[in-house]
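Asker: Residues per chain are reported as follows:
Protein chains: 2
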Amino acid sequence: MSETEKPKGHTLPKDEGLTNGGNNVSSNVSDEMTEKFDLATVYVSDAQYNRNIFFGTSPQAVRLYLLYNHLFMQTLVYVFIIINLALALFEDPAVVPLPIWATSTIEIICLSAFTVRMVHYAKVIPRDKFWKDPKNICIIVIVTLSFIDLTIYGALKATGYFAIRWSRVLRPLLLVNVTEGRQLRRAFRSIRNALPQISYVFLLFMFSVLVFSLMALKLFGKRGLLTIDGSPYFTDYLDIVFDLYVLVTTANSPDVMMPAYNYSVFFTIFFILYIVINTYTFMSFFLAVVYNNYKKYLKEEVRQLVKARRFKMCRAFSLLRETCGEGGEPVVTQAKWNHLVKLVKPNISIAHQELLWSVLDDQNKGHIGKFAFVQLADLLSIQVITVKSQPHPIQICFPSMYNSSVSRFIRNVVHHRMFVYVYDLIILVNAVFIGLDEENPVVSNAEWGFLALYMLEIILKLYATEPRAFFARHHFWNWFDIIIIVSALFGTIINSALKHSGGYTSRQILDIVFILRVLRLIRLVDSIKRFRAIINTLIKIGPTILTFSQLIVVVYYIFAMVGMELFKGKVQFFEPNSTSPDQEYCGNPLLKGTTFAKLNYCKNNFNNVVSSFIVLLELTVVNQWHVLTSGFTAVTHVSARIFFVLFHIVVVIIIINIFVAFILEAFLVEYTVDKSDLQTSLEKKIEELELNVQQDGVDTGLVDAMESNDNELGPSEAGKQKPSLMFKIASRRSRTVDGLLQRMFETDLRTEDFNEEEEPENISFSNPAFDSV
Amino acid sequence: MSETEKPKGHTLPKDEGLTNGGNNVSSNVSDEMTEKFDLATVYVSDAQYNRNIFFGTSPQAVRLYLLYNHLFMQTLVYVFIIINLALALFEDPAVVPLPIWATSTIEIICLSAFTVRMVHYAKVIPRDKFWKDPKNICIIVIVTLSFIDLTIYGALKATGYFAIRWSRVLRPLLLVNVTEGRQLRRAFRSIRNALPQISYVFLLFMFSVLVFSLMALKLFGKRGLLTIDGSPYFTDYLDIVFDLYVLVTTANSPDVMMPAYNYSVFFTIFFILYIVINTYTFMSFFLAVVYNNYKKYLKEEVRQLVKARRFKMCRAFSLLRETCGEGGEPVVTQAKWNHLVKLVKPNISIAHQELLWSVLDDQNKGHIGKFAFVQLADLLSIQVITVKSQPHPIQICFPSMYNSSVSRFIRNVVHHRMFVYVYDLIILVNAVFIGLDEENPVVSNAEWGFLALYMLEIILKLYATEPRAFFARHHFWNWFDIIIIVSALFGTIINSALKHSGGYTSRQILDIVFILRVLRLIRLVDSIKRFRAIINTLIKIGPTILTFSQLIVVVYYIFAMVGMELFKGKVQFFEPNSTSPDQEYCGNPLLKGTTFAKLNYCKNNFNNVVSSFIVLLELTVVNQWHVLTSGFTAVTHVSARIFFVLFHIVVVIIIINIFVAFILEAFLVEYTVDKSDLQTSLEKKIEELELNVQQDGVDTGLVDAMESNDNELGPSEAGKQKPSLMFKIASRRSRTVDGLLQRMFETDLRTEDFNEEEEPENISFSNPAFDSV
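Line by line, the protein sequences give chains A and B. All residue numbers for the first sequence refer to full-length UniProt numbering, where the first residue is 1 and numbers rise by one. All residue numbers for the second sequence refer to full-length UniProt numbering, where the first residue is 1 and numbers rise by one.
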């Protein structure tokens, strides 16, 4: 650290190292400072976004690393992954068939892109770290195997042989092993960690099923009972095991019992016991085991994350620190801090920056120690909304008109509670009209009236509220309203234009208009506080549901690929107006007389990716599971049951339980975890400075701790004088999954010491045990 | 407190007040002391069993109270409740019809018994307390209404009018409001407390269903689609709402979607969204809300319980205390303590008593203070097993033979691990033989061989282990083995005797023999440590499942009564060999061509209590819910759906979730809660005194904290000298629900102060808010 850096102060002197240049020495110092700042910025933003990549610290490496983390590059990777996954739509069996050379070319492009990305990554991190990380190995293996498979497939096809694109099963694994798939990897890890315990419970559960099956064989096998379709009842052991396994899914619930029940009422005891033990107790037990493990390993992971984050912040600190006075503690000056924050978050307002500084530098010393500095990453994660109470544009243009008593009256009316109630009533009446037959002219004309009323509402609100405040990013319902209403207006106009021109109405446009109309009703939810609170909780769970939908996609994709190879073309769907006699049994004589064909399930097939996904969804919902399964076993072989049972175990027993576990945990955290210390101190500071936005009426209700009025700007009383700039914390809860997880265990972690800097190598940046599947 | 009581000591002087009598004064003192001890005993046992009844403290009142709490009286009450509930079997519509005078007489006897019990209770507790307690009011109202209903019904029936026994709905409520129904009341209260929050989520959920239904109406209503049975698809709003509600139960899962899916693949998006939002997210949300509330209110209740318990112990203390030295703290001497413990637990061994004392009186002072005294109730709840290492009876009779090398070898073999493995293998082979056709002579003869092997095992074990230790109450698997094997032996003998005598085999006996044979296989579970751990957890959850089965019985009974009035006789079951043409449509022409009749669900009816319960169970399992519902609506009216939807909401959404919540909580508690301080100190004391039973190998596995070897006596090495008396704690976990609950929150409560005595009136013994439904 150069000795020339002395000036300290509360004013904003341009950062020394950067601007006092001219001579050579100073320029060198400046370069060095720039590099240091760049590196510190990377550390801070890594800490903020929980990136755990061990990169080189040379300026080139940092620049390469920044490029690697660039949003554009990350988006590109996902685009290529999606293209690669979407190839299944065009490959045989295809939704839209494309020639093999086309799909192969696209796949080669995608694979090359992944290779380039991998090479880039290899340049960013040290060689030994690269080869130690299983997720890199995974990607390399997947890409290599895909290339090999592509070559073999092309060669075989060219010579007219039969070939299978087996490497397609590997494609979704890219989604997991890519650097950005942290959340997904975490979900997979929590599954993997819960697996041993789940398997013990599963084995015991299977033991119970086997014992019950044996008992069923002995009790019912010799009684000569018949099922509803005339086949012998419970005579073959393996069939009994399968039937009773199906009973656990409840899919054949009363039917499997009926022959025995019809014979004697006492036999129901057997089934009641079975249901209580296997369906209810064991299934709850699975949930409990999954939930328990999920919590346990998550805690450990988050602990690691927080440790790594602090370590990175300590590194950033050590880059920027200077010693304050003789033998004093190392500190970071406000000037340097300001520069760093500006680099990390370029579009931060100066007011916001000063607010953050005042939270950290509580005693107004002009510099902060390590402890305060480390909090920067967390502080930056708290979304602070800067509310500028600017005058309304109309007020600027026509001040007298805007301030007239009529205008003021209108504005008061709009901000009044009754205004909301009146519009709620209008929505309710609208709901009734939507339910009526839209071909009735009264109803279709009323639609114009409703549209006009909604437009009027938006205009009035825009008149009464400053437009920039109205359109602020966090005002979800305003955006929702405008998009829905304006789209509905356009849709209705186009629809009516089409109708008047040729009497022809496009069903698609009409469908969209209908959907938009119905969506309008959702606004009612926002009017009822308790509903709003629930919705907010659901929204907060949103990111998690996204992670889990990725998880589901990965698992579905793998099963769909296998399923397509096993069952493609075996079940045919005929358009409803087809007259083919094969229609009755889905084009496969083996299905003649089966429940599958009788229920007209022909479209539930594995003939392309889309229908495969839909069948898998139906299998996830579990109802009629046995009908679907028996359909596919009828056209292939009884052993196909293994595929479906495996799917049931993986998706229903494990993944759905993980999903429920996360919702449970997220809900309980929402409910029990208080605001973090940092948020509290930030709020306190805002209040101290009297810059807080008044919030009308604290929510006491469903979940007291739930924050529900972050979408409502307090009514701006015209008379009162307010500071021109105000802050509020966007949501008292952090919205990212990481943040949520971290808050779950914050209380346990807060007491940990900050001495991470001393043991840089012990902190595993990319701990193999935690960093890949 | 009389000044004559001075002697203190570690020896056991006969309790002064009780035995030094002779003169009048002393006799009076003695009487007074006896009364005090009686009262203290009642307080301690009330504390131990968490009874919260505010009784008078006069000797007569105490005697009356003891009578009220006598096990015989409590059993009698339950017998009468069960008889009263079982009346439904004999009343119209009956399983076994009895004349009205007979059922009425029995009911009058039951009601009189409840009245007597109530009068008894009124004499025990103060009048104002009695009338303030809602559960008493409830019972009085129920009994009165039942009498009125009985009179009206009798009169109407006698004059030939139509009459309904509406008061039967109230019967199960007695189960809840009876003094002993504490657990059940708690479950009901936790439901009631969760109700407001559940209802908000439910309203939002219904709003979502209604909005989706409206959208479905607009999207599908005009398209002229047909369902599989040719009826129009999604044209009536209320039908759509019902269909989509059924989709939440998943009962009509792919079927409801198929017409739209066959029309266009894009419409599946609608259903996928619906399933994700309503079936998965909302249903998980219900679980989360129920779980969260359950935890919250439970905590408050247990807090109250523990407070009341401590208060009672403080009262007992103040009855027996005496001042130790000048201005010293009040204490209780060991002599008094011993007498009290003997009164509370008459069959306690002196050794056990001394052990408990040594835990409380850690410094060996001969007296204990309030803090230590209060712990007595908890200490008595910990089940300590006294293991007396007595010599084997054979050893006493034939010492030389028993100690011979052959005998020792046999004993070593029996205690060897291989012995267990060999028998596990035998069981596995047996399982295969059970699966084979038992009419094969080889198989039926092998059965004798297996029986002989099992008998041999029991005899060998009895030879190697001291019989009293072998038959100890906590050795579950020994008991299980003997009962199963001996019954199987008898069954097989009877069966084979019957067969040989007339060639006739009773199916019933054969069924029992089969069941016993299969049950034998369960023993395998005990051999695998991890399975044993899971089973132990399940066993610990047992009492809870009992409470919940009571809850289910109450709810089922109410719904069964209503259902029987609504649907009795509407659906007829014909024996399978009947030739009636009505059989095809369950004797009701309205059912012609319905899925209900096609699937032969005729026996699923409300024609008597038993079949009602079975139908309700099928409705709980939810599958084919819509088929059952549509059957019953077909024979009555569409509005009957209300009954079934209500049942679904109450049982599936609320009660099943409570069940899952409890299993979750119980599992997590099992996993996370450490031993209580008291248990630890008791165990430490046992270890200190070197009286602990060696346990082989601490379980590390599924749940590290789970105790799994409490059913296994450590192999008694012949050579080692051991004390003749040893202790071990039966299970590290308390087995009662109360104990489990208390442990859940023990950590929070441990820090509370013990000053309860000072505010006796603030502690609500029978807090109306917490003491009744």
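Source of the hints: derived by calculation from the structure; they are not laboratory data. Don't take each hint at face value.
It does not matter which identical chain is meant; a pair holds if it fits inside one copy or across any two.
As the list claims (entries may be wrong) - Result set (DSSO-like, lysine-lysine): computed pairs, CA atoms no more than 27 Å apart in a straight line:
id, residue 1, residue 2
1, K222, K685
2, K218, K685
3, K529, K296
4, K685, K345
5, K499, K218
6, K222, K135
Computed from a prediction, not measured in an experiment: that's the story for all the values here.
Asker: Indicate, hint by hint, whether the structure satisfies it.
Answerer: Cross-check of the supplied hints:
1. K222 with K685: Answer is neither; intra-copy 80 Å and inter-copy 59 Å both fail.
2. K218 with K685: Cα proximity of K218 and K685: none, with 75 Å in one copy and 52 Å across.
3. K529 with K296: Close across copies (22 Å), not inside one copy (35 Å); limit 27 Å.
4. K685 with K345: within (21 Å within a copy, 62 Å between copies)
5. K499 with K218: between (70 Å within a copy, 18 Å between copies)
6. K222 with K135: neither (56 Å within a copy, 52 Å between copies)
Hint violations for this structure: numbers 1, 2 and 6, all remaining hints satisfied.
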